[in-house]
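Letter by letter, the chains look like this.
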Amino acid sequence: MVAAAEAALSNPGFLRYTWVIALLPLVSATLILFFGKRTPGKGPIYGILALAAGFVMSVAVLWHFVTGGAPYSSSVTWFEVGTFRLELGQYVDGLTAVMVTMVTAISLCIHVYSIGYMQGDKRYTWFFVVLSLFTGAMLNVVVTDNLFQLLVGWEIMGICSYLLIGHWWEEHANSSAAIKAFITTKTGDIPFLFGIFTLVFATGFATTNIQQIGEMASRGEVSTVLLTAGALLLFGGSIGKSAQFPLHVWLPDAMAGPTPVSAQIHAATMVAAGVYLVARTFSVFVHANPIALHVVAAIGGVTLVIAALLALVQDDIKKVLAYSTISQLAYMMAALGLGEAGYAAGMFHLFTHAFFKALLFLAAGSVIHAVHSNNMSEMGGLRKPMPRTFWTYLIGSLALAGVPPLSGFFSKDELIHAAYKAHDYPIMITLLAGAVITAFYTTRMVMLTFFGDYRGHGHPHESPAVMTGPLAALAGATVVVGFLGFAPTKAPFLDWVFFEHPEAAEVSVLVVGLSILVAGTGILVAYALYRRYRERDPLTALGPVYSLLEHKYYLDDIYWKGIVLPIRDKASAFANWTSQVILDGVVNGAARVARALSGLVNGFDRNVLDGAVNGVAQTAGFTGGLLRYIQSGNVQRYAAFLFTGVVILAIVFTRF
Amino acid sequence: MIRLPLALFFSAVLFSSGVYGVLARRNAVMVLMSIELMLNAVNVNLIAFSQRLHDVTGQVFALFVIAVAAAEVGIGLAIVILIYRNRETINVDEVNLLKW
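Going down the list, the sequences are from chains A and D.
Start counting the first sequence at 1; every next residue gets the next number (the numbering used here).
Start counting the second sequence at 657; every next residue gets the next number (the numbering used here).
Worth flagging that the hints you see were computed from the coordinates, not collected in a lab.
In this text the structure is predicted, and so the values were computed from the model without any measurement.
One thing to keep in mind: the hints can contain errors.
[Claimed, not checked] Which residues of chain A face chain D? A few of them, derived with a C-beta cut under 10 Å, are:
1) 75
2) 632
3) 636
4) 645
[Said to hold, decoys possible] Negatives, chain D to chain A, calculated, CB over 12 Å:
5) 659
6) 667
7) 680
8) 690
9) 691
10) 696
11) 703
12) 705
13) 708
14) 720
15) 725
16) 733
17) 734
18) 752
No residue lacks a Cβ here, since even glycine has one placed at the ideal position from N, Cα and C.
Chain D with its partners taken away, still in its complex shape (with noise of 0.2 Å):
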């Protein structure tokens, strides 16, 4: 039995990696790879706190999520391809369309 503060500590670290891939990474797959350490920072909490809280709506929770992740994913490097065949590049900072 894991004790749940130590979890915790785990998802954070988890979650801050994770953050500091999407900000800090240019590419975009190192991006979309930081978002999965992110949500599974994320899952880590839920199933931490339904171990704790004899609760399997948190368990629930997590298979959404990883659900929801592979989607993402699909999407995202979907999207990756794209840009590289009409730019070229997976780096996200000349990727910057999003703008006035």
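Next up, chain A with everything else stripped away, as it sits in the complex (with noise of 0.2 Å):
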């Protein structure tokens, strides 16, 4: 509440408006929806106007945290249910603030880039509507104060992950994908949804608001056995959004979607969100039981390894990147279980990474389409033709590889540093080992890609503009991010995105150093064994542990055999037993009991309840029948009755 006083004290000036920057794509999609197709450039100039819009205010934004402003916070109410109220509210700090500015420009970079690139496809504008609708999703998650608003927006990404991924729906292969990815994110979405359950049952039902959920929790209000519960809950839901071990498995095979899609997906929206809830409710995971972060942690690195190592297989240049995503975020994940030395790290590393690996899907994307073919083995030698691309595609790689001065190089050496600052040394050797392999794929897949003699079909060209300006622009962007958390201009990252306090920017020249090292290590390595092109990954000569790799750990198998066929043949047949014997039993014996009880009663009916009326009948009908001769339609019979009547009424009145 303190906080919350203070911003109040300070003028939020155009903080009030941030909510606008989430409602801005919202609003595109549905214009493009009704309008698009009959707008000039059928649809996507609503999205580009939106996102453009929402990149200005995101800076306005920004700029407040720069002169360093205050967080600010407002909420409407949404609907009451007896006491509990839900809210639709804002929460801008500096977190916000960089997370608003990244996605709008991401975002805004892939809808020009997919201009170029869904040319002509079949359901262009369709394309506009899910994908602004999915960066709406994603600035609700971002902007949002409490935990129900999130879940919507969380939701609604789930929902358009999947229409994206299968936007090329009529390839069997693709619409599985697109399946699979849903399905796997749910799977980390129930618990995540009972996270929220959890967390806001611990407060007693005061609030769903994320901020005054940390404030009870750092005031030891709520119970450290819910909080921790709640912590790794939501934890799941990160596991699946994040995707990491060991739900990581639909993230690679969402490459089946059009490449700005796994752009969009990788880098501004989805896999982000996933490490974000983790950063936003991080005073949870702070003040839970120790082994929330360690959960976190733990999950981190193995994923950060093994995800690496699958990198270093891929034949598609795609994958590769799907595989680097995993385990980048796997980086991110390290960072934050580290705890509040971390975090800083972590968050500078998502915000780097979403500009470089953009930039090298959407690069990746125009090899793509000018090869047409995912695959590294029929590309090589593409410098020369698609120049542009190169180079941008190289400062891409680069800064994933950690060459300084790349935006790369920067955070990963603050998330060694956080390890190493935390004398976490398990998790330090993790990351940098994570980093020799990192160095070692990425340089393996721009020897493969761009150097050499061209392997493929066709003559490769360069993108248009309208694709390759897009790519300019991260570029750009990928060399400088990085300056905002170099040390010794102060790292002003630092002073916009903490947890609690603000950390000093630190060097530690060890640190630097190893992280040198070791991504020349990697890169040298490869260089050397990738210098050349062979038909014969050189790879291939670890043998066992290679063709581990290439089965993914055998874990698609495994969840395959031992997940989704138990479930398909044995479950389902179970249930179809279970329903034929036991449920039809249960129905046939019910129906035998009723058939015997009516029975019952349908003979009480017959015998004595209609042997009651009908005996009642019977009788009128019987004494009707005696009766109905006097009645004989003779009028002199009828005179003689009347007369005897008179006859008898005269006695009777005479006698008596």
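Using the hints, put the two standalone chains together into the complex.
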């Protein structure tokens, strides 16, 4: 509450309107949906305008924090259920500002790029509808101040990813990938939902507001057990969305979608949301039992290495990038798992990674657009026909590999430094090992794609300006944003994004030296191995390890044989048996009992009730049958009765 | 001056023959006529008592009965004519529609 009072004191200025940034893409999605096809250019213009406006506003919001402003929060009541109130709100702090800037900037580039990439597509306009909606949902997750609104955005992202991955659903593999992505992330969403319930329950249904929950947690008003359970359940959602082990399997398959979608999912939205969720609810994690953060760190560490190793053996250029994304997200998770020490570093890596990964995907898309294949075995030598793509791709790759002075180097250095400072050496070693592998597979990818001789078909050509423009913009950003975390310039990023109190920027020569050393090692080894193209990948020399990696640790097989098939065959057979034998038995039994009962009732009805009714009727009929002979229709007989009556009455009246 | 019992006896015979006619005759016209007999038997009674009791009310009643009887015969004969037109008979045994 103190924070809220402070926020009220300092002039929030433009921050009041942060929610508009999240609303704009939703509006543009609606506009494209209804007017897109009638608009010149078939619709993307709405999304681009909305995101451009959103980006300008985001910069204004960020400026507030650059000049040392305070966080701002406001909300309106959505609806009330008894005493429980759901709100629509915004919470804007440095992290929010950085995220909205990053998301709008990257999504804007992706929108522009998609105009070129998706040109001539059957569902061109629809693509932009979903793309805009996707961005809007992500921004909603970023600006919201409460868990329920976050859940809404989170689930909209889920459905958008499904729609976009399956954009070319005519091919069965694509629609399967979409379903896989949806179901796998949904597997994480269920714990996430229960995590929200747990946290709201833990506050005694007082609030869903993330900041208030955090404050209650820090004051120790919430039971630690519930807090820990809530944190772990929320992290389940993160594992699904951010594709962490063991739910990472959907992300490589999600490459079935159009490449801009991959960029969108991997950089601006979706996977970033999982990491962001942990950061946003970080006080829950920090004040829970330490085991919560240990789990985050452990999952991050495991995912980091296994995903990076998988990236080594991929032939599909997008799959290399996909595994690299998983691995880089795991870096962030591992950093967050360090606790407060890794918070800013993790977020910084999220920020820089978004730029260079979007760049890599879009550039890879440009390559794929040119050679009509995803396979690096059919590329090579593209450096000459596609210079702009090559240079931007190279910048992105070097950033990914952690080469100074590109952004990836700074953020990765900070991650390692955070682990070093926290004296968490297992994590630090994992991060360093990951860095070697990252540098290695990045170099391999660049060598196979752009160097050597062209091995594909046709004549690749440079992509149009509408595609290379965004590449240049992102390449520029990749170079620049790293300096936000550059310690000698006081690392302004650390002043914007922090947990509870800002950290001082520090440089450790040891860490810098180590990270340059590992990146250099990886690059040089890979360069030596892949300098000359070989039919057989040199890594096949690893023998069984290679085949293990090639089969993705058999995880897909395990899931398929261990989960999907049992559910599909055994469980459905069991369900069938259950329904045939037990349920039907119950139903039939019930039916038989009902029949017996109704037989009884029937007998009673027919014999007793009907008997009574019929008896009455028969009696009446019998009597009537007798009486009807009186009513003969013979007037004279009537008259005779009449006279008889008169005589009887006369006798009665005179005698009695 | 006719003695009362004589008048009453005559009235009773007249009424009884009327009843017999109504109950026994087949011809509808004869039945109507028998009804007239019964009505007139009543008239005789009324007049006789009026004489005896020196009260003119009985005679007034008798006049009403004659008027009603005239109307009754008018309607009765009209009905008989209609029955005859429809069924070519005025035998009351055959006109037994007034039943279940």
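Taking the hints in turn, this is what the structure says about them:
no. : hint : result
1   : 75   : 85 Å, violated
2   : 632  : 6 Å, holds
3   : 636  : 5 Å, holds
4   : 645  : 13 Å, violated
5   : 659  : 23 Å, holds
6   : 667  : 15 Å, holds
7   : 680  : 8 Å, violated
8   : 690  : 10 Å, violated
9   : 691  : 9 Å, violated
10  : 696  : 17 Å, holds
11  : 703  : 21 Å, holds
12  : 705  : 17 Å, holds
13  : 708  : 20 Å, holds
14  : 720  : 20 Å, holds
15  : 725  : 17 Å, holds
16  : 733  : 15 Å, holds
17  : 734  : 16 Å, holds
18  : 752  : 3 Å, violated
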